[in-house]
Amino acid sequence: MELYELTLHELQQVLDKQEASATEIISSVLGRINKVEDKIQAFITLDEEGAMAQAQQCDARGSFSGLDGIPYGLKDIICSQGMRTTCASRMLENFVPFYDATVAARLKAAGGILVGKLNLDEFAMGSSTEQSAFFPTRNPWDLTRVPGGSSGGSAAAVAAGEIPFALGTDTGGSIRQPASYCGVVGLKPTYGRVSRYGVVAYASSLDQVGVFSREVGDCAQVLNLIAGKDSLDSTSVELEKPDFTSFLRDDIKGLKIAYPREYFQEGIETEIKNTVKQALLKYEELGAIVEEVSLPHSEYALPAYYLVAPAEASANLARFDGVRYGLRDFQAENVIEMFSSTRAEGFGDEVKMRIMLGTYALSSGYYDAYYLKALKVRRLIKNDFDKVFADYDLIVAPTTPTTAFKLGEQVGDPLTLYMNDILTVPVNMAGLPGMSIPCGFLEGLPVGLQLIGRAFDEGTLIRAAYAFEQNTDYHQAKPDIGGDII
Amino acid sequence: MSFETVIGLEVHVELKTRSKIFCSCSNEFGAEPNTNVCPICSGFPGMLPVLNQQVVEYAIKAGLALNCEIADYCKFDRKNYFYPDLPKAYQISQYDLPVCKKGYLDIEFGGTKKRIGITRAHLEEDAGKLVHQGSISSTPFSLVDLNRSGVPLLEIVSEPDLRSSQEARAYMEKIRSVLLFAGVSDCKMEEGSLRCDANVSVRPSGQATLGTRTEIKNLNSFKAMEKAIDFEVQRQIEAIEDGEEIIQETRTWEEDKQITRSMRSKEEAHDYRYFPEPDLPPLRISRKWVNDIIQSMPEMPEQARERIMDEHGLSAYDASLLTLTPDFLGFFDECTRYYHDGKIISNWMMGEMSKLLNQKNLDITQCKINPVHLVDMLKLMDEGRISGKMAKEVFEAMFETGSPPEAIIKEKGMEQISDEDTLEKIILEVIAKNPRVVEDYRNGKKKATGFLVGQVMQATRGQANPALVNQILARKLNS
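First to last, the sequence lines map onto chains A and B.
Per our numbering, the first sequence runs over residues 1 to 486.
Per our numbering, the second sequence runs over residues 487 to 965.
For the record, the hints were derived by calculation from the structure and aren't laboratory data.
Heads up, the beta-carbon is just placed ideally off N, CA and C, and yes, glycines get one too.
Among the hints, erroneous ones may be present.
[To be verified] Covered by chain B, according to a simulated footprint, are these stretches of chain A (three or more residues, beta-carbon under 8 Å): (1) 87–96; (2) 192–202; (3) 304–316.
[Stated by the list, open to error] With a cut-off of at most 27 Å between alpha-carbon atoms, the simulated BS3-like pairs for lysine-lysine come out as follows: (4) B/K878 / A/K229; (5) A/K277 / A/K478; (6) B/K752 / A/K229; (7) B/K774 / A/K373.
Go ahead and model the full structure; you've got the sequences and the hints to work with.
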């Protein structure tokens, strides 16, 4: 085994037993990145020198705790002090923040080594990472396919062995869907569990930072570090935070699991449904009680999402006006022209489309029919979940309707592309925690199992995910990247 | 045809909290450009607002001072528009659920009392400002100063209850007065911490429906407000009399030309696309908090007026002038701690002091006179050591130098002569020098004493105690 193949907790053991130094770990990881990155293209920015320097400092200190000596990556929408944060947009191509996002600061404080910034759909708007203004990222399981999105770079880098864990953001499925496509663990915590300070906003009432890792245990450990009230984010919640690793117990006897019939309907590939049903049988076998339920308003989640999210985005992205930072058209004759030509040049088509959609939905005379109605739908969706969670501990469903699709296949067909999020969006609309774990393969492509929990009950997700992981070996499968098996 | 003017005001008040409304930057006025700024109030990517608790407390205080209901549940909204001084391209404001609503202020104008309704008062953040070289149309570039971005504002919206520019002024002055007493703003129009927009319309007298209104922006002084309203009323009346229709529009006051000019019509009005601010949870205000603030509310001008009328027998007019600002009242109250006669203090403050402050264009906080010194001066008068006329001179010197009255008297050698022997000597000399006048007096021409007193005063350079002079002179003449 090479060091880059190890998981977060395995690396911690190696460091603890002094079987390898931080420098050796970072060298191994950088070696791996150099070997596969031209195929995967997960990184927008890579800081080899910085990472090595930090590893050396780490070794010089000699003792290791927390994330000391552990490499990681951040989705390039999470601000990192002194390291370019582009949001995969021409608008911020050269933007270097002078502040850290709270999550970045917390990982830094724990001793983690930031290797680089990971690709995404521009401003997190997309489901394939093809909307990156720079280049598309490839799925490590099949380089002709997308890794999903918007956190496609994070998912692909973890799956390809480039880094043991990464942070992403999930607004409508942007962690769970790429985790599913890339066969890794992806956790979107409850809205309010993790600070959004310093995370460039797409849709503020839906955005949440979460974790990609190869194993559930690593996810729990990283969640321990990033979760918790942040005085800089008023929507982060003051709640006693459990030790999420305490839920890593292979025991789910009596756990009440619901599977919603609406998540197994038309539009979901039969083989996906069958794979997920196998997983449900596995849960029964492990002692859980599994029953069918209904979430009757599920079908309205996607249209409502495409009003709420673009509406918020239209305001959130208005600050990119060329006045203070980022791109500016210096040729413009006056300020109005500067605003419009800067934005015309700086934003890609998908971003422009969503800004227009959102601007329209908020316009005088349309607000009640669109935005306000979407908020009401949101409440109904939340009520559906509340009803189920009155009787059940957990909801289990597919993460995506299909496995990873081919690059270019859905470009220019936004409605089909948006359907990718049909099973993940309701969770964001209700603010609940959701997770995707590997549960099988179809024609060599990973299938994700989605776990949905009560608000602030990430513990139950972790417990159920860990039990499944302990009793299956899907998480051990590794992609063959151009003949180079890891 | 006679017309009635209808005015509603939107008054913006900067709250003088220590830090800005959504970040910890200093809220101090007058700093070097872009020094009171941070990533939050400059709208950097990923930044989030955190509501300043003191801002809410001040808004509640202001609401109470404006006789408003304080909401127990309110929220913030985004008001979207592009402008280079608005870093996020939206302003965080309150749209449909403001922190305060349904209040009023009583104004007095031309001797009559009138109640002006306050529709609402809501919190919002101020924008930065643009700095041009010369005028905005000829400047080769504009600079952005974000010091003001994120300064907490309370926007107070009145009902259309005002009927003249003078009433509008009285209402503005009342707002200023109650907010100064509440201690939530320094209300300096010249520094922009008190500003207003005026909605103005006219209608034929007796007509029930309101005329079409225009909104005048950019009113930066009481004078500008009065003049702009007067101009706009006249313009609208003339337009109607010429058979024109008033267009609903936003107009700006052009100080140099003394006119209002159209900025944009209703059709060109912004669609602000308000929606709830997702970065801030709704704000719940507990009754306990409001009650605690009620308990800690300072005296309001009306209470103070009643009090000083009661305690010192002042007229309503004097009392209302003394309670215009807490500083003015504070001076008065300080004096009354050491001197029994409030009326005399009031006379000096309303008379000499106001005259000198106006001449020098100062406010009372810049006045050099210490209240204790004013009291000392009054006591010197009571003791007969200086005359009323001399006191005015002493007062002026105190105003200039801030010295105590004793020092001024000594320095100027102006103490009153009350020593009977000295005065008697001088009076005998005057009598000796003016036998004819004395003769006249003894023949019944009583007025002749006036001339003799004048002579005594001249001989003492005005320092003779006039009461004593009269007394001694009468004795000598009648003996």
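Each hint, compared with the structure:
1. Counting residues of the stretch 87–96 of chain A whose CB lies closer than 8 Å to any CB of chain B gives 3, so the stated coverage by that chain holds, three being the minimum.
2. For the stretch 192–202 of chain A, the assignment as covered by chain B holds, since 6 residues bring a beta-carbon within under 8 Å of that chain's beta-carbons and 3 suffice.
3. Using a Cβ-Cβ cut-off of 8 Å, 4 residues of the stretch 304–316 of chain A lie near chain B, which meets the minimum of three, so the contact claim holds.
4. For the suggested pair B/K878 and A/K229, the alpha carbons sit about 66 Å apart, so the restraint of at most 27 Å is broken.
5. For the hint pairing A/K277 with A/K478, the CA-to-CA distance comes to about 23 Å; that is within 27 Å, so the pair holds.
6. Using a Cα cut-off of 27 Å, the hinted pair B/K752 and A/K229 is violated, with the two alpha carbons roughly 45 Å apart.
7. At most 27 Å may separate the alpha-carbon atoms for a hinted pair to count; B/K774 and A/K373 exceed this at roughly 35 Å.
Checked against the numbered hints above, the structure violates hints 4, 6 and 7; every other hint is satisfied.
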